[in-house]
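Visitor: Chain by chain, the residues:
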Amino acid sequence: MSAVATPPSKRAARVVALAGNPNSGKTTIFNALTGARQHVGNYPGVTVEKKEGTVKFGDDVFTVVDLPGTYSLTAFSLEEIVAGNFLIDGKPDAVVDIVDASNPERNLYLAVQLMELGAPVVLALNMSDMAREKGLSIDTKKLSALLGMPVVATVGHKGRGLEELLKAVRTICRDDPLPPKPARRVDYGREIEPHLDQLAARLAVRPACAGHARWLALKLLEGDGDTANRIRSLCPEDCGDIFRETDKLRKHLEGVFGEEIGAVLTDRRYGFIAGACAEVVSQTAEARISQSERVDRIVLNRWLGLPIFALLMFATFFLTFTLGQPLMDGIEAGFGKLGEAVAALWPAGGESRLKSLLVDGIIGGVGGVLVFLPNIMLLFLAIAFLEDSGYMARAAFVMDRLMHRIGLHGKSFIPLLIGFGCTVPAIMATRTLETRRDRLATLLVLPLMSCSARLPIYALLIPAFFPPEWQGPMLWIVYAIGIALAVAGVKLLRITLFKGESAPFVMELPPYHLPTLRGLLVHMWERSWMFLRKAGTVILGISILLWAMSVWPKPGPETMAKFERDRSAIEARKDLSGEDRRAALEKLEHEQGEAELEQSLIGRIGRGVAPALAPLGFDWKISTSLLGALAAKEIFVAQMGIVYSVGQADEESQSLREKLRENYSPLQGFCVMLFCLISMPCMATLTVVWRESGSWKWALFQAGALTALAYTLTLAVFQAGSFLGWGTR
Amino acid sequence: MTAKLFHELSVSQEDYLETILDLIAEAGAARVRDIARRMNVAKSSVTVALRSLASNRLVNYAPYELVTLSHDGKVMAEKIRRRHDSLANFLVRVLGVDEKTAGANACRIEHAVGEDVVNRLNCFAEFLPNSDIPARELAGAFAKFYAEREKRGGFRESGGGGSPPKDTDGTPSTAADLKPGETARIVRVCGEGKSRRRLQEMGVTRNAPLAVIRRSPLGDPIEVKVRGGSLSLRKEEAREIEVERVKQ
Ligand SMILES: Nc1nc2c(ncn2[C@@H]2O[C@H](COP(=O)(O)OP(=O)(O)O)[C@@H](O)[C@H]2O)c(=O)[nH]1
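Top to bottom, those sequences are chains B and X.
Per this note's numbering, residue 1 is the first one in the first sequence, and the count goes up by one each step.
Per this note's numbering, residue 1 is the first one in the second sequence, and the count goes up by one each step.
The set of hints was computed from the structure by calculation and includes no laboratory data.
Just to be clear, a hint being listed does not mean it is correct.
In silico DMTMM-like links for lysine to aspartate or glutamate, alpha-carbon gap of 25 Å or less [said to hold, decoys possible]: (1) B/LYS248 to X/ASP34; (2) X/LYS194 to B/GLU49; (3) B/LYS251 to X/ASP34; (4) B/LYS91 to B/GLU116.
To be clear about the criterion: a stretch of chain X counts as covered by chain B if any three or more of its residues have a C-beta under 8 Å from a C-beta of chain B, and this derived list gives those stretches [unchecked claim]: (5) 39 to 49; (6) 214 to 225.
Cβ pair distances, simulated, as ranges [stated by the list, open to error]: (7) X/CYS190 to B/ARG294: 28 to 36 Å; (8) B/THR496 to X/ASP177: 33 to 41 Å; (9) B/ILE483 to X/CYS190: 33 to 41 Å; (10) X/TYR146 to B/LYS499: 52 to 60 Å; (11) X/ASP177 to B/PRO307: 24 to 32 Å; (12) X/SER44 to B/ARG294: 53 to 61 Å; (13) X/ASP85 to B/SER282: 52 to 60 Å; (14) X/ASP85 to B/ARG244: 34 to 42 Å; (15) X/CYS190 to B/ASN229: 26 to 34 Å; (16) B/ARG190 to X/LEU138: 52 to 60 Å.
Where a beta carbon is used, it is the ideal one built from N, C-alpha and C, also for glycine.
Chain B with its partners taken away, still in its complex shape (with noise of 0.2 Å):
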């Protein structure tokens, strides 16, 4: 017990570690506790999160580190072993864990781990307002008394009891060199508990195992093979005889049991705790339904719960979306503004490439990076009201069959429904499933679900290609495509990458809770922070990259020399009017934009990957466009317009239509869309597909692997047609 307090003196702050279920109030403690002085990270090597902050309390600096929320300590899941492995390795001087009082049975069991490890806990019974609520009185003082460890009461969301849960930590910080030995602890019955303290005492001499040798010893009793690593490499001495003993004491007393023992230790901890519950729980109002069961009998009934999830994620696609819409439209403005005015510094028709690194490049990047942010906000504002609320486990609790038919969670409807939007941010709301399993799961096929930059294509394209009597069903094709490729691909990866046993589903379906504004609004700021900082920068060095990538290198000096002839030449003539002396200037520039995008580094290597491309039924202006739409799919529109040479175009601009009705058949109209909707995502979502899977490596194989399979389809879907005579014009 004495190594988890050690050495108290030499830190400059003390380290509190907050502990709990999910659900239990655990990130409103936080925040509450740390109010903005907070930081967000990961732990070493894993993609779970770390959020540290730091609190003051009189003289005392407390730096508060935010576990995750967690069941137990059994290693199985990353949370719970990066948990365990930070109270033990971290040797926080004070765990504060926090309980759900309103049901103390089952938030209990942490508890009860963490006693057992010897960690100087601190017990913060929150939401007592709901336990009392509920008619349960809970009896600090006698379970304080049983636990050996002080307990509080708070409630998280008003403030209230953090005065009193400081002051115990300050305590128990100074409280060396031993907190007060718990008065009871686990007894795991006669025929194990002299094993195990056998066991312990083995332990207990080597100097690394000390501090908990009990813990330790429950652990390897378990088999659980971590803490068997954890003791081999701190041990010097050989451990070998002692795994070897375990093994056989296991085997032992799992013929004795006829059970796992593992199974039996948390019978017996759970019979503990209903010894404890029995003693300092009382029902003293008369139980009711609960407010929360009131609740559900409207949100899951058998015929409104459909309904009312559809309505719930119609308002998350509205909010995000269409109230975003607006607010990214005055991003856009705002950034076309600055360029503006940024580019009037420099005298009227001078050329220069800082001013077109400027306006082009960064504030065209940064503009390009910022305008995701209306929806990553307004979603995530979405999904924690969903999340505080309650609601988002009755959700997955809703969708699950269908969900699970695919092969996936029923927290993932949210992502995929949010992919329809746009997929950044959908790839950031697959947080919220828990496995990595299924979150790369989902993650991997989400751009399948159509994006809205991609609307731009197929409004282009469709009307140029297909009768009106077409035009609807056509694109209802394109979308139906990318979603039953994203359910076939759910399945391969399944019986591929992630094969064998599906995470269990077991879920808890928490009580309500009205969130507060401050939550959801922390919430919301903490993603938009995290997105801006970690995949932001990373997309606008990527967006500045390939911006200029069109525009150097430069046609010849011979060619630039020729354009300013021509322009003069029509400038000097005299038979044409104003009016047809502008558009014939405004032809020329176009012109020459065309030249300029085919010197650049895209224009190049789009012919040179245009031969690959021609069983594509693409030519290089195809090419060219689709190398363009990496920086942003709804770019293609663009590009196509600048290599036909009918300016900045947009997927109304009839010309455009015209250029490709003369050069291209319905077939090949139909090939780029099919290319366009399944390969390589943009780079913002490759950015932040690596952000969120932790590596470089999961977004190369989606890009790699999403090309590959829109190269295939098309080929086929190409020669198959051409074969039938629909290739021709």
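Given the coordinates of chain B, work out where chain X with the ligand should sit on it, guided by the hints.
Guide: Chain X with the ligand only, in chain B's frame:
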């Protein structure tokens, strides 16, 4: 009562009962030392197991005394014995395995398969030598043979001796069989390591009451209440939770 107990008896306790029955048959008495030697385990394990058997009133045991079977224990041990014999019988007569291998393997199979399967295997062993039916009609013919047997009620205890009628209330049901609004006591949690432990850590442990609250609007998953908290379980997970209905 016996059926239920039988069900709850853990694998290794069955082995103990069987061994004790054998020893009493051979030497007239069973001693801890002999049991330990026969089963190739430590004497301390034997004591522990005996204590637990004694608490179930299956054996009479006090330290340093001979071990005897109680009435219930005897009935159960014989039942286990018969199951073992009929399996060995099947292995020898149908599959042509030699006696020694058959004995060892029967031991392992009997813990892994249910009573019904053992009965059918045994019945099949009896049926086969007497039939000269072409292979493609075999299945139909056996079904008839089995149905007749079942009507006569003779196959359950092919070694003779009446068994208590099956206790319908005690047949194991799972949390997936419960209707919304029903409450039951958890008997045990089966399933694979990881999901099973997860369930247990969330409070789904032996003897805890479990109430099914509702089904999802699409029919799956279900919401259950255990230890004061609501959990959502897929049917396939609920099926791993064996429960016993509680009368309200
Ligand atoms: N009634 C009540 N609600 C609380 C209390 N503490 C937190 N909440 C609410 O519970 C919900 C979930 O809290 P959160 O901190 O996100 O839980 P976490 O999952 O443990 O991080 C939020 O809506 C909070 O406003 C409390 O003491 N009483």
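Visitor: Next, verify each hint and record whether it holds.
Guide: Taking the hints in turn, this is what the structure says about them:
{"no.": "1", "hint": "B/LYS248 to X/ASP34", "verdict": "21 Å, holds"}
{"no.": "2", "hint": "X/LYS194 to B/GLU49", "verdict": "24 Å, holds"}
{"no.": "3", "hint": "B/LYS251 to X/ASP34", "verdict": "21 Å, holds"}
{"no.": "4", "hint": "B/LYS91 to B/GLU116", "verdict": "15 Å, holds"}
{"no.": "5", "hint": "39 to 49", "verdict": "holds (count 5)"}
{"no.": "6", "hint": "214 to 225", "verdict": "holds (count 9)"}
{"no.": "7", "hint": "X/CYS190 to B/ARG294: 28 to 36 Å", "verdict": "34 Å, holds"}
{"no.": "8", "hint": "B/THR496 to X/ASP177: 33 to 41 Å", "verdict": "35 Å, holds"}
{"no.": "9", "hint": "B/ILE483 to X/CYS190: 33 to 41 Å", "verdict": "37 Å, holds"}
{"no.": "10", "hint": "X/TYR146 to B/LYS499: 52 to 60 Å", "verdict": "39 Å, violated"}
{"no.": "11", "hint": "X/ASP177 to B/PRO307: 24 to 32 Å", "verdict": "29 Å, holds"}
{"no.": "12", "hint": "X/SER44 to B/ARG294: 53 to 61 Å", "verdict": "55 Å, holds"}
{"no.": "13", "hint": "X/ASP85 to B/SER282: 52 to 60 Å", "verdict": "56 Å, holds"}
{"no.": "14", "hint": "X/ASP85 to B/ARG244: 34 to 42 Å", "verdict": "37 Å, holds"}
{"no.": "15", "hint": "X/CYS190 to B/ASN229: 26 to 34 Å", "verdict": "29 Å, holds"}
{"no.": "16", "hint": "B/ARG190 to X/LEU138: 52 to 60 Å", "verdict": "54 Å, holds"}
Checked against the numbered hints given earlier, this structure breaks only hint 10.
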